[in-house]
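From first to last, the protein sequence lines stand for chains A, V and H. Each residue of the first sequence is one higher than the last, beginning at 1 in my numbering. Each residue of the second sequence is one higher than the last, beginning at 1 in my numbering. Each residue of the third sequence is one higher than the last, beginning at 1 in my numbering.
These are calculated hints, taken from the structure and not from any lab test. Where a beta carbon is used, it is the ideal one built from N, C-alpha and C, also for glycine. Hints are not guaranteed to be accurate.
Claimed, not checked - DSS-like mimics (lysine-lysine), calculated; alpha carbons at most 30 Å apart, straight line:
(1) H/Lys321 - V/Lys133
(2) H/Lys195 - V/Lys142
(3) H/Lys252 - A/Lys353
(4) V/Lys240 - V/Lys311
(5) H/Lys320 - V/Lys142
(6) V/Lys142 - H/Lys265
(7) H/Lys280 - V/Lys165
(8) H/Lys280 - V/Lys145
(9) V/Lys145 - H/Lys324
(10) V/Lys319 - V/Lys233
(11) H/Lys303 - V/Lys30
(12) H/Lys303 - V/Lys142
(13) H/Lys280 - V/Lys142
(14) A/Lys39 - A/Lys339
(15) H/Lys47 - A/Lys154
(16) V/Lys204 - V/Lys307
(17) H/Lys280 - A/Lys339
(18) H/Lys195 - A/Lys353
(19) A/Lys22 - A/Lys290
(20) V/Lys175 - H/Lys324
(21) V/Lys175 - V/Lys145
As the list claims (entries may be wrong) - Quick look at which bits of chain H chain A covers, simulated, 3 or more residues with Cβ under 8 Å:
(22) 64 to 77
(23) 94 to 105
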Amino acid sequence: MLFKNYDPLKKKQLQILDAKGKVVQPDLEPKLDKKTLLKMYKTMALGRVADIKALQYQRQGRMLTYPPNKGQEAAQVGAVAALEPKDWLSPAFRELNAMLYRGVNLEQIYLYWYGNEWGNHFDEDVRVLPVNVIIGSQINHGAGLAYASKVLKKNEVTIATIGDGGTSHGEFYEGLNFAASYDAPLVVVIQNNQWAISTPRSKATKAETLAQKAYAFGIPGIQVDGNDVLAMYVATKAAVDHARSGKGPVLIEAVTYRLGAHTTSDDPTIYRKDEEVKEWEAKDPLIRFKAYLIEKGYWSEEEDKKLEEENNTFVGETFKKVEQTGDEDLIDIFQYTYKEMTPQLTEQYEYMKKFLSEKEGK
Amino acid sequence: MYEFKFADIGEGIHEGKILKWNYKVGDKVKEGETLVIVETDKVNAELPSPVDGTIYKLGAKEGDTIHVGEVIVTIDDGSGAPKKDDVKEEPKKEAVSESKAAPGVIGEIEVSEEVMASSAEHTSAKTETTNQKALATPVARKMAKDLGLDINLISGSGEFGRVLKEDIQKAYETKNQPSSVQQVTIPKVQISTQGDVEIVEITKLRKAIVKSMTLSKQVIPHTVLMDEIIVDKLVDLRNKVKEQAAAQNIKLTYMAFIMKALVLALKKFPNFNASFDHENDRLILKKFYNIGMAVDTKDGLIVPNIKDADKKSILELAKELREVADQTIARTVQLAQLQNATFSITNFGAADVAYGTPIIPHPEVGILGVGKISQKPVVVDNEIKVAYVLPLSLAVDHRVIDGAEAGRFLNHIKSLLNDPMMLLLS
Amino acid sequence: MAVLTLLEAINQALDQKMADDSRVVVYGEDTGFEGGVFRVTAGLQKKYGVDRVFDTPIAEAAITGSAIGMAINGLLPVAEIQFDGFIFPGYTEMVTHMARYRNRTRGRHGLPIVVRFPVGGGIRALEHHSESVETLLGHIPGLKVVIPSTPYDAKGLLISAIEDPDPVIYMEPKRIYRSGKQEVPEEMYRIPIGKAKVVKEGSDVTVVAWGAIVREVEKAMKLLENDDIDVELIDLRTINPIDEETIIQSVKKTGRFVVVQEAVKTYGPGSELISLVNEKAFLHLEAAPARVTGFDITVPLAKGENYHFVQPERIAYEIKKVAKF
Numbered sequence: 001m002l003f004k005n006y007d008p009l010k011k012k013q014l015q016i017l018d019a020k021g022k023v024v025q026p027d028l029e030p031k032l033d034k035k036t037l038l039k040m041y042k043t044m045a046l047g048r049v050a051d052i053k054a055l056q057y058q059r060q061g062r063m064l065t066y067p068p069n070k071g072q073e074a075a076q077v078g079a080v081a082a083l084e085p086k087d088w089l090s091p092a093f094r095e096l097n098a099m100l101y102r103g104v105n106l107e108q109i110y111l112y113w114y115g116n117e118w119g120n121h122f123d124e125d126v127r128v129l130p131v132n133v134i135i136g137s138q139i140n141h142g143a144g145l146a147y148a149s150k151v152l153k154k155n156e157v158t159i160a161t162i163g164d165g166g167t168s169h170g171e172f173y174e175g176l177n178f179a180a181s182y183d184a185p186l187v188v189v190i191q192n193n194q195w196a197i198s199t200p201r202s203k204a205t206k207a208e209t210l211a212q213k214a215y216a217f218g219i220p221g222i223q224v225d226g227n228d229v230l231a232m233y234v235a236t237k238a239a240v241d242h243a244r245s246g247k248g249p250v251l252i253e254a255v256t257y258r259l260g261a262h263t264t265s266d267d268p269t270i271y272r273k274d275e276e277v278k279e280w281e282a283k284d285p286l287i288r289f290k291a292y293l294i295e296k297g298y299w300s301e302e303e304d305k306k307l308e309e310e311n312n313t314f315v316g317e318t319f320k321k322v323e324q325t326g327d328e329d330l331i332d333i334f335q336y337t338y339k340e341m342t343p344q345l346t347e348q349y350e351y352m353k354k355f356l357s358e359k360e361g362k
Numbered sequence: 001m002y003e004f005k006f007a008d009i010g011e012g013i014h015e016g017k018i019l020k021w022n023y024k025v026g027d028k029v030k031e032g033e034t035l036v037i038v039e040t041d042k043v044n045a046e047l048p049s050p051v052d053g054t055i056y057k058l059g060a061k062e063g064d065t066i067h068v069g070e071v072i073v074t075i076d077d078g079s080g081a082p083k084k085d086d087v088k089e090e091p092k093k094e095a096v097s098e099s100k101a102a103p104g105v106i107g108e109i110e111v112s113e114e115v116m117a118s119s120a121e122h123t124s125a126k127t128e129t130t131n132q133k134a135l136a137t138p139v140a141r142k143m144a145k146d147l148g149l150d151i152n153l154i155s156g157s158g159e160f161g162r163v164l165k166e167d168i169q170k171a172y173e174t175k176n177q178p179s180s181v182q183q184v185t186i187p188k189v190q191i192s193t194q195g196d197v198e199i200v201e202i203t204k205l206r207k208a209i210v211k212s213m214t215l216s217k218q219v220i221p222h223t224v225l226m227d228e229i230i231v232d233k234l235v236d237l238r239n240k241v242k243e244q245a246a247a248q249n250i251k252l253t254y255m256a257f258i259m260k261a262l263v264l265a266l267k268k269f270p271n272f273n274a275s276f277d278h279e280n281d282r283l284i285l286k287k288f289y290n291i292g293m294a295v296d297t298k299d300g301l302i303v304p305n306i307k308d309a310d311k312k313s314i315l316e317l318a319k320e321l322r323e324v325a326d327q328t329i330a331r332t333v334q335l336a337q338l339q340n341a342t343f344s345i346t347n348f349g350a351a352d353v354a355y356g357t358p359i360i361p362h363p364e365v366g367i368l369g370v371g372k373i374s375q376k377p378v379v380v381d382n383e384i385k386v387a388y389v390l391p392l393s394l395a396v397d398h399r400v401i402d403g404a405e406a407g408r409f410l411n412h413i414k415s416l417l418n419d420p421m422m423l424l425l426s
Numbered sequence: 001m002a003v004l005t006l007l008e009a010i011n012q013a014l015d016q017k018m019a020d021d022s023r024v025v026v027y028g029e030d031t032g033f034e035g036g037v038f039r040v041t042a043g044l045q046k047k048y049g050v051d052r053v054f055d056t057p058i059a060e061a062a063i064t065g066s067a068i069g070m071a072i073n074g075l076l077p078v079a080e081i082q083f084d085g086f087i088f089p090g091y092t093e094m095v096t097h098m099a100r101y102r103n104r105t106r107g108r109h110g111l112p113i114v115v116r117f118p119v120g121g122g123i124r125a126l127e128h129h130s131e132s133v134e135t136l137l138g139h140i141p142g143l144k145v146v147i148p149s150t151p152y153d154a155k156g157l158l159i160s161a162i163e164d165p166d167p168v169i170y171m172e173p174k175r176i177y178r179s180g181k182q183e184v185p186e187e188m189y190r191i192p193i194g195k196a197k198v199v200k201e202g203s204d205v206t207v208v209a210w211g212a213i214v215r216e217v218e219k220a221m222k223l224l225e226n227d228d229i230d231v232e233l234i235d236l237r238t239i240n241p242i243d244e245e246t247i248i249q250s251v252k253k254t255g256r257f258v259v260v261q262e263a264v265k266t267y268g269p270g271s272e273l274i275s276l277v278n279e280k281a282f283l284h285l286e287a288a289p290a291r292v293t294g295f296d297i298t299v300p301l302a303k304g305e306n307y308h309f310v311q312p313e314r315i316a317y318e319i320k321k322v323a324k325f
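Take the sequences, apply the hints, and build the full model.
Given below as structure tokens:
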């Protein structure tokens, strides 16, 4: 139903909360309990603080390259809020809020960007794949996860996310096409934040919307106001239900904006205008969601202030912990290449160990 | 005659059924026209004629099964003897039971019914077998080969028994050169032959001298101490005993006395009667005393040595000195006489010269140069006198003998020669 | 005991493992219904159903990339790439993810994947159907690479590959798919990955080869029968990790080493083996280690391929040079 009403080829975009937080589609307003709504909001708020501070740490020389998520909190959280714990997330690399929501620790996330693979070692029941730097491949991985879910009859759904730039990549097509040809339960959420480093969305493809690419795969597609967390939730829930029932993949395009730079090593002022950024700042997902919650009586400005302080403290402490970890153990760079170290790896490790200890001895 | 064989048209078919012939025997057919329709698992194939010609013989009739490789039709194309169509699998195989086409879409996979030997896991025999071969670098191996040696017979002094270049060198020397002269590497120098010159080839003896002198000077840091001794008493003694010695047919030279004094000094300073093994950082002290005596022959310098000089009296020494010198000059001296000296003497006096800086024969550590005895004014008890003075030049290997010790050694010799009574009593 | 071709042995290994472990799935282009263009997977879909043995769209990145998701979520994927020349679109996933996933996640996700494809030439095929890509795969830490030369080894190695907790690239030398038969035990058995095999003991020169070339070396050895050269022939079997112990032990005994490869010369597997021999058996060498290889050219089409692929005459010639040095 939803997909029929919001055909991207007909220029439809789903929005439930407008920029000011007013419900503009009351019959589509999801029936979410206070606990869930607050969990969503608090995740977004924490993500926002973690993001800002990560940037600060990087400028202080304490953190390495980091991709800011600012502005995309609703697009991320709204989508994954529609998942059950047994479902999977196959992310790209700009997915801090989604990963937090699904049970990845901030400490782990920071540890990864800090330069330590242990940051990718999530807890066993956390069904999230690590940050993916090879653009597009996460779609194929997601297709595989979904195929296994189907064949093993586990009733799971996989969400794979990708940026607007990523939709130009062959693996996006191959992955979605592959999943669709088996009706594998894969939902792909495009985080269309308008920019692929310095390349605007219009240069990525001639198609007017990204959601309409769904037609090429024979699956439903829907374009959503990505800064509207409720619309994201509703669209993704419908997609997840569709996939879970065995009807195959759905493609969702979340129209949002990358308020920050591509990464901390990028200067967006070179290629985009301040006016554009200001325009999107007015559509900030946190502003409207906060207004909505306060309107509903679930939240208050005082609580919000308190939360921000708590988040600042928590993030600061978390990062300090990460900084304590220092260099990796020598054996760690060797012993995870295979399940068991080969004779060659053992020999190479012993050699390096000896070399380092002799160096120290001198 | 053209024999058209039924080919694998792809997809791995082995056989087909003739559905319909479009031609019969005697018909003319053009290249490319469909001859026959064959039914296979996958498709009904229309087979086009490969040549122009007349149908000569049909290989099978409608309804028959035909296998890949069999002749489906023979066409008289005017070429005479039947020509094989090159429809076949790998032509260079040994055992192909039937030319079965193997599927693969692309290429021609060899098909064979040949049964290979069953798998059996061998392990390579371990290296602890009897044929222990030498461990050596390629450079060392080449060196051995160039010198005509079997490297496996050379014992290695390197780690794990590795045969080093030095080991090969030693092996070569023991094989070829009995003397203890070692290889000397001399830097290359270009000498001009321009101008008014005469080129003289040097003798073999001179070549040997070149080698040994160069070696000594390259390897041994020489230091020379010189001094003179008043030998009036020695002169007296010799004069007294000269006649008696002559009666025994012995020419009693001063050299005999000097040699005696030297041997006594060597006994007191064992370091001087030694070889320095610089490869292994050790001094090899000799318990025997073979004193070399440089002899000037017409072809060059030869240094025979008096064996066990410590066990011989002065008279015996004098006798032997003369004999050996004669033999040396006559070039009849035995090889053994020339080998294994422990310390040497050289007689500058024979050249009418007082002092010199003698060269130590490697691997000895010292040489005593003896100058001409002459009368000179000396100061004794604050008065000038005329005395017989013997000049001495002692060269030592400064790696193992320091100046102070050399001085003490020289002074001991001096004291013995100064008062020959000490010579006789020691 | 049954006598099978290499291809039949592979089919049997797949069949038995699929019966043994319901997590095993086999898939690729034309792999399911038709049983593969060479019929390697024939009969499997009928037996195990369309969910476990299936055809894919023409999308190598999806074939290899989906294997990763499948392996994480409880399947044992055996993914097929149709030909060696086509691995490249799927190579990205093999290198950037398959090989690294265990390391990237510090052991949280190891990937028990097998990627299999036919390799090598000598079958007068089209372009891109005769490649030797051992180096491109052997050079990637995190991948294991194996290649059988006999039906017996083919079955044992494939079973080991499927059971291995790490990604294994299983190369099938197409030239010898059907070129002979061998006794293959009915039951499941394993040949350890990382273990070479001494095919024939000898004392004069160690010769290492793998895949279809082992047979070519055997032919070369026949040509050398009158030359009094006692070759020790080793079938490498695993390209990575190399069985150093077997090779070095052999070279220490013979003092001479020749590696024979179908692959292009420069940066080929021979380079690696010779470096190894220099590192570990230098002082035992009585001649420089040698490699007999293809040339640094694009694999020729049928009418030129016999110059490029190592032939027994050339192999014998080079072995003799080393043996007589």
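Would you list, in rising numerical order, the hints stated earlier that this structure does not obey?
Structure breaks hints 2, 12, 14.
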